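As they're listed, the protein sequences go chains S and B.
Counting in the numbering used here, the first sequence runs from 1 upward without gaps.
Counting in the numbering used here, the second sequence runs from 1 upward without gaps.
Since the hints were made in silico from the structure, they are not lab data.
Since the model is a prediction, treat every value here as computed from it, not as a measurement.
Don't take every hint at face value.
As the list claims (entries may be wrong) - Far from chain B, some chain S residues (derived; all Cβ distances over 10 Å):
| id | residue |
| --- | --- |
| 1 | A63 |
| 2 | I64 |
| 3 | L70 |
| 4 | A77 |
Stated by the list, open to error - Cβ-to-Cβ under 8 Å is the rule here; a few derived chain S residues that face chain B:
| id | residue |
| --- | --- |
| 5 | L10 |
| 6 | F87 |
| 7 | L105 |
| 8 | E108 |
What the hints assert, rightly or not - Coverage of chain B stretches by chain S, computed from C-beta distances (three or more under 8 Å per stretch; other residues unrestricted):
| id | region |
| --- | --- |
| 9 | 61-68 |
| 10 | 107-114 |
| 11 | 204-215 |
Heads up, the beta-carbon is just placed ideally off N, CA and C, and yes, glycines get one too.
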Amino acid sequence: MHELSLIHALIDTVVQSARENGITKVTKVKLVVGESHGALPDALQFAFDILTVDTVCAGAELAIEKNALLLKCRECAREFHPEGYLFCCPGCGVSNAALVKGNELYVEYFEGE
Amino acid sequence: MSVDINEMKHGSKMKGTVSKLRIIVGRDLLHANAGRAVENRALLDKNRVVAVNLISSPGSGKTTLLEKTAELLRGKMSIGVVVGDLYTARDAQRIERAGVTAVQINTAGLCHLTADMVGRALQEMPLARLDILFVENVGNLVCPAAFDLGEHVKVALLSVTEGIDKPAKYPGIFREAAATVISKADLLPYTDFDLPACLGEMRQINGGQQVFVTSARSGQGLDRWCHWLGQLAGDNLPPVEAGGSYTGGTGG
Ligand SMILES: [Zn+2]
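The whole structure should be built from the sequences, with the hints applied where relevant.
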């Protein structure tokens, strides 16, 4: 399950940073995840709940910000949100687009005491 | 933790009491993997090995494709394979019987290979005498797409027995792949797989990719596939010396 490895990386990051900052209890974690990762919020939450047990993140709130895909056509330079899974440019109809947004995967911040 | 309303009204930036901290992180979660991938790619480049990350669902025929590819390229290019498998070494054994150096990585349940795992496998590979290294990723279309292993290209594999809905369900990998190999084409008459529709969809998802319609049983499409691999390796090989290395194309 994909979400498990993503959350595993998230917890590693937060636990290390919490230690460096002298935080013993994390109350909230804000995750930014782009649509390209195909991660389901419910599955992320589930993974977070089970993997945080016995860590400083236990019981913390997980706030997820999902970034929609934003593409830029390499032919006509138009930026667009793709319809469904097809990457055809609504301007010129060509399917040759670069990803501008939607590939993010990072902890924006966490809160604790 | 209670929020002190009065404090907020008086313009304090801190929501909550003084002891509560907000730590800004902003670091990519796959940062460690990305770093290791860069190292792997540098090592491969130094040895002039082109690496192909082969990604598909379980049972799409990755191992069979590699066996056939090794057979067709024998004497033309030197191949190594890193095999990722959840628990067993069966696939690596099959590939070694085809005369190819194979290193097995058991992921012990992890659904994808990481750059670190591949980096350790590279240490056991005779890189100096390889032209192409295949990484047979764990059978899964989602997770492997997110993890850069240090490969030069990703190749997706889709068998006609899986049905046509895979690209629509998992567009990520087909979008990133430099090529898609459609396998088991000899079974087309026995399935309701709509090949023209699938090819049309592939073009719409990723117009820049190569698509190979192949059958390991009949040999269909494998010459084109091997030719493409030759070009990939050729791009990465040193300039040809007299009587020297394979230059891609029709060799041998
Ligand atoms: Zn366009």
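Between the region 61-68 of chain B and chain S, are there enough contacts, at least three residues with CB-CB distance under 8 Å, for the coverage claim to hold?
violated (count 0)
Restraint satisfaction for L10(S) [CB to CB of chain B, less than 8 Å]:
6 Å, holds
Interface hint outcome for F87(S) [beta carbon to chain B under 8 Å]:
This interface hint holds because 6 Å falls under the 8 Å limit.
Closest CB of chain B to the CB of A77(S) still more than 10 Å away:
16 Å, holds
Verify this label for me: L70(S) is non-interface relative to chain B, using a Cβ-Cβ cutoff of 10 Å.
14 Å, holds
Holds or violated: is the Cβ of E108(S) closer than 8 Å to a Cβ in chain B?
6 Å, holds
According to the definition I'm using, a residue is off the interface if its beta carbon is farther than 10 Å from all beta carbons of the partner; does I64(S) meet that for chain B?
Consistent with the label, I64(S) stays out of reach of chain B, its closest Cβ about 13 Å off (over 10 Å).
Confirm or reject: A63(S) is not an interface residue toward chain B, with every Cβ-Cβ distance exceeding 10 Å.
Nearest chain B Cβ is 12 Å from A63(S), so the label holds.
Do three or more residues of the region 204-215 of chain B come closer than 8 Å to chain S, measuring C-beta to C-beta?
Per the Cβ count (5), the hint holds.
Quick check: the region 107-114 of chain B, covered by chain S? Criterion 3+ residues, Cβ under 8 Å.
As far as the region 107-114 of chain B goes, the hint holds, because 3 residues have Cβ atoms under 8 Å from chain S.
Holds or violated: is there a CB of chain B closer than 8 Å to the CB of L105(S)?
Hint holds; L105(S) Cβ to chain B Cβ min 5 Å, cut 8 Å.
Checked against the numbered hints above, the structure violates only hint 9.
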